Structure formats: C-alpha cells, structure tokens
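A.B. asks: Could you build all of it, start to finish, from the sequences and the hints given here?
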Amino acid sequence: MEKRFLTIGRILLPLLVVAGLSGCSNVEPWVKPYERDRLADPIMALDGDPVSSSYLLHVYESREGARGGEGAAGGGCGCN
Amino acid sequence: MTMRRIILLALLMSCLGKAYAGVLPDDRSDMLYHRYEGGGVLIDGPSVLVRKQIGKSTSFVGNYYVDHVSSASIDVVTTASPYKEERTQWSLGMDYLRGNTTMSVGYTNSDESDYEANTYNFSVSQDMFGALTTLTLSYALGDDVVGKSDDPTFERDLDKQAYGVGLTQIITKNLIATLNFTTMTDEGYLNNPYRSVRYFDSGSALGYSYEAELYPNTRTSNAVGLRARYFLPYRAAIEGEYRFFTDTWDIDSHTVSLTYVHPWRDFTFTGKVRYHDQTGAHFYSDLFPRAEATNFRGRDKELSELTSTTVTLKASYEFLNDADGWGFIKRGSVTAAADFLMVDYDEFSDLRAGAPIGEEPLYELDANVYQVFISFWY
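As you go down the protein sequences, you meet chains Y and A in turn. If you read the first sequence in the numbering used here, its first letter stands for residue 1, the second for the next number, and so on. If you read the second sequence in the numbering used here, its first letter stands for residue 81, the second for the next number, and so on.
Hints are not guaranteed to be accurate.
To give a feel for the contact side, a few chain A residues facing chain Y, derived at Cβ under 8 Å [what the hints assert, rightly or not]:
(1) Arg307
(2) Phe325
(3) Thr328
Computed list of lysine to any residue pairs in SDA-like fashion (alpha-carbon distance at most 20 Å, straight line) [to be verified]:
(4) A/Lys352 with A/Asn297
(5) A/Lys352 with Y/Val31
(6) A/Lys352 with Y/Leu46
(7) A/Lys253 with Y/Glu61
(8) A/Lys228 with Y/Ser62
(9) A/Lys228 with A/Asn297
(10) A/Lys136 with A/Met111
(11) A/Lys253 with Y/Ser62
Beta-carbon label-pair distances, calculated as ranges [stated by the list, open to error]:
(12) A/Ile318 with Y/Pro33: 18 to 28 Å
(13) A/Ile454 with Y/Trp30: 38 to 48 Å
(14) Y/Tyr34 with A/Asn448: 38 to 48 Å
These aren't lab readings, by the way, just hints derived from the structure by calculation. Keep in mind that this is a model prediction, so the values were computed, not measured. Even for Gly, the Cβ is constructed at its ideal location relative to N, Cα and C.
C.D. replies: Next comes the structure, spelled out in structure tokens:
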C-alpha cells in the first residue's frame with residue numbers, strides 16, 4: 001500500500017510543480033496596489049505598537065496557561 | 081522525496097514573488113513605561129525600542145526592557161516571604177530584504193537573580209501574489225537556566241523550541257486577515273522551585289500541609305490564531321481575534337477579542353475586550369488527598385481551570401506628522417493605555433481568610449496594567 005502511494009506521489013509531484021509554476025504566471029492581485037490606501041492607513045496596522053503589544057503578550061503569558069498563535073514574547077519568568 | 085519537496089517549495093516561492101518587492105519595517109523609536117499592579121504584585125519599568133534601516137536592504141532593531149518586581153502575591157503570602165526582584169531583558173535583531181523575501185534573525189537575553197534565558201530566533205517571510213499574501217516560517221530556540229535564590233548550588237536546564245507558520249492575507253480593499261500556527265516544545269526543569277502544593281494532613285492544625293511541586297519534564301503545545309481587521313466606511317477599524325490552544329498537560333483554551341479603533345483629528349482612540357477560558361492541567365489540584373499522591377503535582381494557579389477578561393482603553397495623540405516634521409523626524413506620537421484584567425480561578429482557593437478546609441472561597445485576581453509611551457518615526 002505504501003509503495004503504491006509512493007508511485008502515485010512520484011507521478012503527481014512533477015505535475016504539481018508544473019501546475020504551480022504555470023498558475024503563478026497568471027496570478028493577478030485582485031486588490032491592486034492603488035486600491036490599498038485604506039489598508040495602508042495606520043489604524044489598519046496589525047501590529048501598530050510592537051513595543052506595547054510584546055509587553056502585553058508577556059503579561060498574558062504570565063497570567064494564563066496558554067501561549068503562541070499570535071507572536072513571540074521575551075524570555076524569563078517574572079510570573080510569581 | 082524530501083529533496084523534491086524542498087525543490088518544489090523553492091520553485092513555488094521564487095515564482096510566486098516575481099515583480100513585487102517586499103518592504104522593511106518602518107524606522108522608529110519607542111520609549112515606554114509599563115506598570116502592572118494587582119494581587120499584591122507591583123511590576124514596573126521601562127522598555128526602549130530602536131529600529132533603523134541601514135542601506136537599502138537591512139534593518140536593525142534593538143530593545144531594552146526592565147521589570148522591577150515587588151511581590152506579596154497570594155502564593156508568596158501563603159507559602160513564602162515577600163520579595164523584590166529585577167529582570168533585565170535586551171534583544172537585537174536584523175531583517176534582510178531581498179526581492180520580496182525577508183529573512184530575520186534575533187537574539188534575546190533575559191536575566192534575573194534566579195533565572196537566565198537566552199533565545200535565538202530565525203524567520204523567513206515571503207510576499208506572494210502581488211503582496212496580497214505573506215507567508216512566514218519561523219523557528220526559535222530557548223536555552224534557559226533555572227536557579228534558586230536561597231541555594232546557589234541549585235541550577236537546572238530548560239530547553240525550549242518554537243516552530244511557527246503564519247499567513248497574512250489581503251482579502252478585500254477593506255479587509256486583512258492573519259492566520260498563525262505555533263508548535264512549542266519544552267524539555268527540562270519546568271517547575272517553579274519555590275512553589276508548593278497542599279495536601280490533606282490530619283496531623284496539622286490547619287488540616288493540610290505543603291510539599292514541593294513536581295512537574296513533568298516535557299510539555300508540547302499547539303496554538304492556532306486567526307485575526308481579521310476591517311476598515312469601516314467612516315474611517316475607523318474593527319478587529320476580531322480567536323485563538324485555540326491545546327497542550328500535552330491537558331490545558332485547552334479558547335481566547336476571543338474584539339477591538340475598535342476610532343481616529344478623531346490628531347487623536348486615535350482604541351477600545352478592546354478580550355476573554356480567555358481554559359481547562360486545568362491534568363496534574364493540577366487545589367488540595368491533594370495525601371502527600372505524594374500522584375506522579376506529578378502542581379498548584380500553580382495559572383494551570384488551574386480559569387477564565388480571564390480584559391478591558392483595554394487606549395488613546396494616542398500625534399503631535400508631529402509628515403507636514404511639520406522636526407528635521408529627520410517625520411512623525412511623533414504619545415500614547416497612554418490602561419488594561420483592566422480580571423481573572424476568576426475555578427479551582428484555586430484563597431487561603432488567606434483562614435476558612436475551614438474545603439470551605440475556602442475561590443481566589444479572584446483584579447490587576448491594572450498601565451502603559452505610557454512616546455514614539456518617533458524617521
């Protein structure tokens with residue numbers, strides 16, 4: 001069964017490469033650069049204040065049992 | 081097969097990025113004062129960040145951060161003595177842009193009297209489809225040493241690794257979204273060397289006694305987060321975020337938040353509500369039936385089943401913009417933010433009241449987090 005999958009993979013992989021390459025040449029951005037003025041507004045920044053957001057991330061990681069999925073916090077503990 | 085996958089990825093990445101160049105982060109400096117107060121703990125200090133582009137393709141960033149800690153938290157009051165501590169952290173990083181690929185490396189050192197952490201990180205970002213899509217792959221390696229203030233011979237290692245994949249997507253002229261997946265593995269000494277668990281002890285006047293915590297030596301976690309920000313018709317923004325987290329300690333959590341950003345003249349006002357709900361670790365117990373009752377045991381309230389709610393209010397004033405810049409400084413702003421954090425622990429008793437065993441009220445934490453910072457762009 002595993003051998004069969006490998007064979008199929010060997011056939012499909014080059015096809016995927018070709019399909020991927022040919023697909024790329026036709027990709028046109030559906031939001032043009034000149035249509036991105038609203039997205040470029042500072043109020044749309046996903047991380048407008050990095051020094052503040054990394055601090056708050058550290059506060060949450062110290063007070064809760066979860067981590068990750070949103071960025072990286074500094075090292076150390078400071079959690080008692 | 082592995083080599084073919086690498087070639088495939090390389091071909092696709094080189095192809096997808098044609099004709100559109102990426103951009104480096106803005107040159108900026110931030111000077112921040114932070115203050116956390118709540119639950120008998122006061123932590124404050126500065127954080128300074130400087131980012132500067134050198135040449136056309138390289139940007140350097142440095143950050144210096146200090147925590148002055150003064151703690152008489154519930155853990156400290158019930159099982160130890162209040163203490164003062166200082167943690168200093170500095171980091172250096174570099175981003176290198178080539179075409180629409182950004183490669184980033186960084187190093188962070190965090191130092192306190194009983195804990196030292198060194199973290200090395202590396203990431204690659206690729207803009208694709210005319211910069212509509214950005215794919216980021218990241219890796220971080222942490223090399224920590226855990227000490228104990230009353231025992232200079234105590235030294236334990238903790239190794240951490242984090243793997244991340246992120247996808248940021250422009251969806252429409254008004255909507256941008258980002259999806260992030262992180263896998264983290266920890267191996268080594270994961271205990272807090274000062275913290276204790278309590279267990280029934282009929283020979284004690286209180287009805288219980290304490291013994292040292294004992295955690296597993298490994299922890300692996302997965303988190304996936306989705307965030308979307310939308311530009312409203314009247315120049316304001318709204319953002320929604322959701323994160324799911326799960327780990328090998330049986331902690332599962334859901335975190336949601338909603339943010340509203342409203343500019344008015346030279347001000348920008350932000351309001352945010354965040355809610356977090358988690359289950360407890362499998363080895364956590366508020367009160368164990370006897371000493372050494374289980375292979376692993378912990379009573380760290382952050383590993384308890386809990387819910388936390390945060391309300392954020394933030395105001396920013398832009399006192400300098402491109403039209404009236406000071407020499408090489410183009411923009412400047414000052415920001416004040418307050419976060420009100422409320423945590424309800426579903427399985428962590430407040431022992432300070434001295435209530436009879438089994439009748440202690442559950443602990444609740446209210447903390448206020450303040451930030452004031454000034455930012456310059458140049």
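A.B. asks: So, for every hint listed, does it hold in this structure?
C.D. replies: Comparing the hints with the structure gives:
{"no.": "1", "hint": "Arg307", "result": "7 Å, holds"}
{"no.": "2", "hint": "Phe325", "result": "4 Å, holds"}
{"no.": "3", "hint": "Thr328", "result": "12 Å, violated"}
{"no.": "4", "hint": "A/Lys352 with A/Asn297", "result": "37 Å, violated"}
{"no.": "5", "hint": "A/Lys352 with Y/Val31", "result": "29 Å, violated"}
{"no.": "6", "hint": "A/Lys352 with Y/Leu46", "result": "14 Å, holds"}
{"no.": "7", "hint": "A/Lys253 with Y/Glu61", "result": "34 Å, violated"}
{"no.": "8", "hint": "A/Lys228 with Y/Ser62", "result": "19 Å, holds"}
{"no.": "9", "hint": "A/Lys228 with A/Asn297", "result": "18 Å, holds"}
{"no.": "10", "hint": "A/Lys136 with A/Met111", "result": "26 Å, violated"}
{"no.": "11", "hint": "A/Lys253 with Y/Ser62", "result": "37 Å, violated"}
{"no.": "12", "hint": "A/Ile318 with Y/Pro33: 18 to 28 Å", "result": "24 Å, holds"}
{"no.": "13", "hint": "A/Ile454 with Y/Trp30: 38 to 48 Å", "result": "39 Å, holds"}
{"no.": "14", "hint": "Y/Tyr34 with A/Asn448: 38 to 48 Å", "result": "45 Å, holds"}
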